[in-house]
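Student: Fit chains B and C to the supplied structure of chain A, relying on the hints for placement.
Protein chains in written order, with our numbering: chain A, 1 to 299; chain B, 1001 to 1308; chain C, 2001 to 2450.
The set of hints was computed from the structure by calculation and includes no laboratory data. It cannot be assumed that every hint is accurate.
Stated by the list, open to error - What follows is a set of in silico ranges between Cβ atoms, one per label pair, in the way DEER data are often shown:
1) C:D2441 with B:A1300: 38 to 46 angstroms
2) B:Y1219 with A:M158: 54 to 62 angstroms
3) B:L1215 with A:N15: 22 to 30 angstroms
Claimed, not checked - Interface residues of chain B toward chain A, partial, derived using beta-carbon atoms under 7 angstroms:
4) Y1023
5) P1024
6) V1028
7) P1227
8) L1242
9) A1266
Computed from a prediction, not measured in an experiment: that's the story for all the values here. The C-beta atom is built at its ideal place from N, Cα and C for all residues, glycine as well.
Spelled out from the first residue to the last, the chains are:
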Amino acid sequence: MRIKSRALIKSIFLNLLVAILIVYIAGPFIWVISASFQGENELLKKPPSFIPKSPTTDNYRYVFTGQVPTSYEVKGQLRSRISQEARLIAPALKNSFIIAIFVLLINLLFATPAAYAFARLRWKFKVGIYNFILGSRLMPAMAIAIPYYVIIQSLKLMNTHLSLILVHSALTIPFSIWFLTLYILNIPRDMEEAGLVDGCNYFQVLQQIVIPMILPGLVAASAFAFMTSYNEFLFARFLTTSITSQTGPVIISSISGNPDVSYSLISVCITLGMIPPVILAITMRKWLTEGLSSTITFR
Amino acid sequence: MSIIRTANGSLHRNVSRVFERFYPYASVLPALLVIVLFTIYPVVYAVRISFYQYILTKPNSHPFVGLNNFQDVITSYYFKNSLINTGIYTIASVTGVMIFGLIVAMLLNTKIRSVNALKIIILLPWAIPAVVAGLMWKWIVNSDFGILNGILYSLGAIESYIPFLADPVLAKVSLIMAHIWKEGPLAAIFILAGLQLIPNEFYEAAKIDGGSGLLVFRYITLPLLRPILLVVVVYETMTAILTFDLVYVLTGGGPADSTSLISWFAYAEIYKFLNLGAGIALSIIIALITLILIILYMRALKTEDTIS
Amino acid sequence: MKKLFALLSLLVLASMLLAACGSPAPVATEAPAATEAAVTEPVTMDFVVWSYGIETITDNIKNFQELNPNITINLKDYSWLDYHDTMVGAFAANNSPYLLYGSDHWLNEWAAAGWLVPLDKYCPNVKEYSKEVAPYALQGMTYNGEVYGVSYYADTMDFVYNDTLLQKAGFTTAPATLDDVYTQAKELKAKGVNEYPIIMAWSQKEGAFPEAWTSLVFAQQEGGNALFDAELNPVFNKEGSAAFDVMEWLRKVYTEGLLDPASLSMAEIDQVKSMQAGAHTFTIVPQYNMAELNKPGSGDFAGNFKIALMPGSSQSTVGYVRFYAMTQKVVDAGPDYIAAACKFMDYFGGKTNGDYTVVKRWAVENGLGFAQLPLFDDAGVIEAFGKWGDVPTIKQQATLARAKEGLAPWYGSWDVFARSEIHKGILGEQSSLDTLNNMADQWNELKAAQ
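Chain A with its partners taken away, still in its complex shape (with noise of 0.2 angstroms):
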């Protein structure tokens, strides 16, 4: 009878502590999706509401229309001042996620080899090397934002979609490797030893026996990559010029700034901006959390 009440305090209090987290991480998001089902002249009223009391769609269909919403319409005069630029959300969101997906497949495939060969194996160099890829990290980025607009400028790459996965591969692959090559030093050798002594060589250690045990390992980096890459605002700002590579960051940075964009539809493409990572997570959701301990045994 105490286990049992024992244990349902404890459920009781985990479950309200995942509340508690779960108000504290999505209630900012409710509320801005919220935001952007609301008109304007309601997103200003003292106190706001949470639940918008008369919703409407005309936000969203302004960003992917032009349809000017209703709450702006003005009738005398001046022109209504609602600017374009919150319509380019959409050509920019794309761009955010063709960028950071391949950046995501080049720190995969670039990074897990790399920590292997740093974990597992003796070399020449190994530890200046290994130093020298961590240490690339420590500069400010506005330290070398300057340079990094000239040597863009040279390869003839501004303004393409080329130079931001570069810059943002080379932001990235050094933490995916530091971490992959922690993870890798903590799994047990013997797998490996045992594939060895059958006949593999070292790639196809990594290849068969290595990266099936790190896989929680693998989809943490590459999440990062990705995430880091999508988000990812001072460079993308500094080396795009036009949508045909500016990102989602910039777009909506600008308009947060342009007193033509209202409150509404900043939301939109807040919200917007949201979808593609959200389907990302829900697709590695499952790797994310299978677990690797039916896998490791202890002999």
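Tutor: Chains B and C only, in chain A's frame:
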């Protein structure tokens, strides 16, 4: 490393030996190329400029000034205060993020049903850029039409709206809450990956031996998590020290410079004061401080995870 | 310096005379000077702007290209908040555009850095245009005696009040001095009309912060040199100065709960929205916001926002100017590019067929202020402005406006420091005199380093 015996004889062994020897370098090469392209030139450029006078409004004079830029920056009006502010901010944020990450990771590792919703929601703050996070939080704590004030007021908790961002202390708190909200998920995901490295056998053995939850946590979970914790702490510290987007959008460094972090001044030196030499000197100082912190972390957490 | 002052006084007199004899028709015109070169080969130039009214700009470019088939303009834009810093980065990386927007508060920086070139040196018509420009605007476009731009937009910082709310508290006339504002605000609060009758957009990164604060200072003092003397030495850091009075007043209205504490974190967009919602009665905004405030249907009080001359003995205010500028890249590219750039300046900031076409369009369609004084007499402008403001008051404030003092290459750097100090003074973290002394010391330090 190990001797590979095959039935085919020495020729195959030589080829595989060669493969063995070059394999590590080949594995590292692609990553190295990308990184070298974006590291060597910028760092050389930056270090060189820091020793010269490079003021954009004086384009025709770039004398060598040695350590003057560094000296000017350290004795400037902002250095001490912003360093203190950054220190407070970093300690509070990193602590908050680690606690948040640990709690969430452990929750995600259990079988409680409500955790399934959390699994998707946890990724949301990660899914938005820092500028958007700053924007959302700025709007939420807005003193005229912010929803936080609205809720507190409706609940009767406050009599009149609180201008969070206009008070030096509350502005700092708002900033730290927004930072934890934004960075916590990353910590949670990585710590979760680390938790899943710990085989179930350990927990089962502890249960048989009669270990309580807290003891298990302290003597089994934490030590085994140490290497991952180290990675996350270092990354979060670097992120906190270099925080820029979030601060710029949420508070702009105000009020009264109470949220002006050292990274803001590195930016301001270059883009507002137009002093490239000083800005880069300050950036180098920040990089050195970060490096020292990292070395201290590694000593403190004393893991045996080295690659040599 | 004295000569310049004399010249400017003459210009003020001349423009006031011109305005006084205003005729409904635009000022007499002349065809573009025959000395202007023709564009012999196709020229393509990029034009960088901040993200405001992009559709209008694109349309203007289309019209310009139709009139000048040899010239192609590629538009690029960045958010206003990022514009200055992004362009600094681009210039520093040797990636200068050909044509771009400029603003008075950083003209000194960019001209000293050699990024912008003087327009009147290369485009003969600019000298003509400069004669019709309001003094504060011309001052803002001049560096080392040369004119660096033609203006598309110039405006004043205006004191704006909500007439409905003011009458609710029992007042029928707008405040004329800071004491009036204080008294009226107290009454507004006591009667429960507003919790905080006064609002300002003084976030540490808000662009118009220094302009609003300076406009208060200017209004308290007759004549110039309220902040700096002719040699750019600070004169504001003593008791009884205009700046001192302003800081003391600010501290008073802050502690008595008349100035919304949130002002220290507020930006212009939120300030305007707050005013629209009726949360406050008094504020200082750049004038172009009046069109938005009084736009029918934009809020409960639309149509009831009025401009009052800046409260103070002189009722002067700050005027600022935004303009088109040309970079060294154009000069380096050769005479065809220079000619094309001058044609651009003519169309966008100057006259086409005797009319300031583009500038007038901004004024009528968007309610933007302008530097070109003849437009005050244009029927279309008067009608458009009349919808949201009182044209005589607007004109009067424009004539009383002065450019910011202290526009030197280190102004931007000093500005970053000054904002934080003003915050500290309002919060009470230091006395008004200490605030002003700190600002003066920092100015002197920066000046000596030049």
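Student: Each hint should be assessed against the structure and marked as holding or not.
Tutor: Going through the hints against the structure:
1. C:D2441 with B:A1300: 38 to 46 angstroms: Holds, at about 42 angstroms.
2. B:Y1219 with A:M158: 54 to 62 angstroms: 56 angstroms, holds
3. B:L1215 with A:N15: 22 to 30 angstroms: Taking Cβ atoms as reference, B:L1215 and A:N15 lie about 24 angstroms apart, which means the hint holds.
4. Y1023: The hint holds - B:Y1023 has a Cβ within 7 angstroms of chain A, the shortest such distance being about 5 angstroms.
5. P1024: 4 angstroms, holds
6. V1028: 5 angstroms, holds
7. P1227: 5 angstroms, holds
8. L1242: 5 angstroms, holds
9. A1266: The hint holds - B:A1266 has a Cβ within 7 angstroms of chain A, the shortest such distance being about 6 angstroms.
The structure meets every hint from the earlier list without exception.
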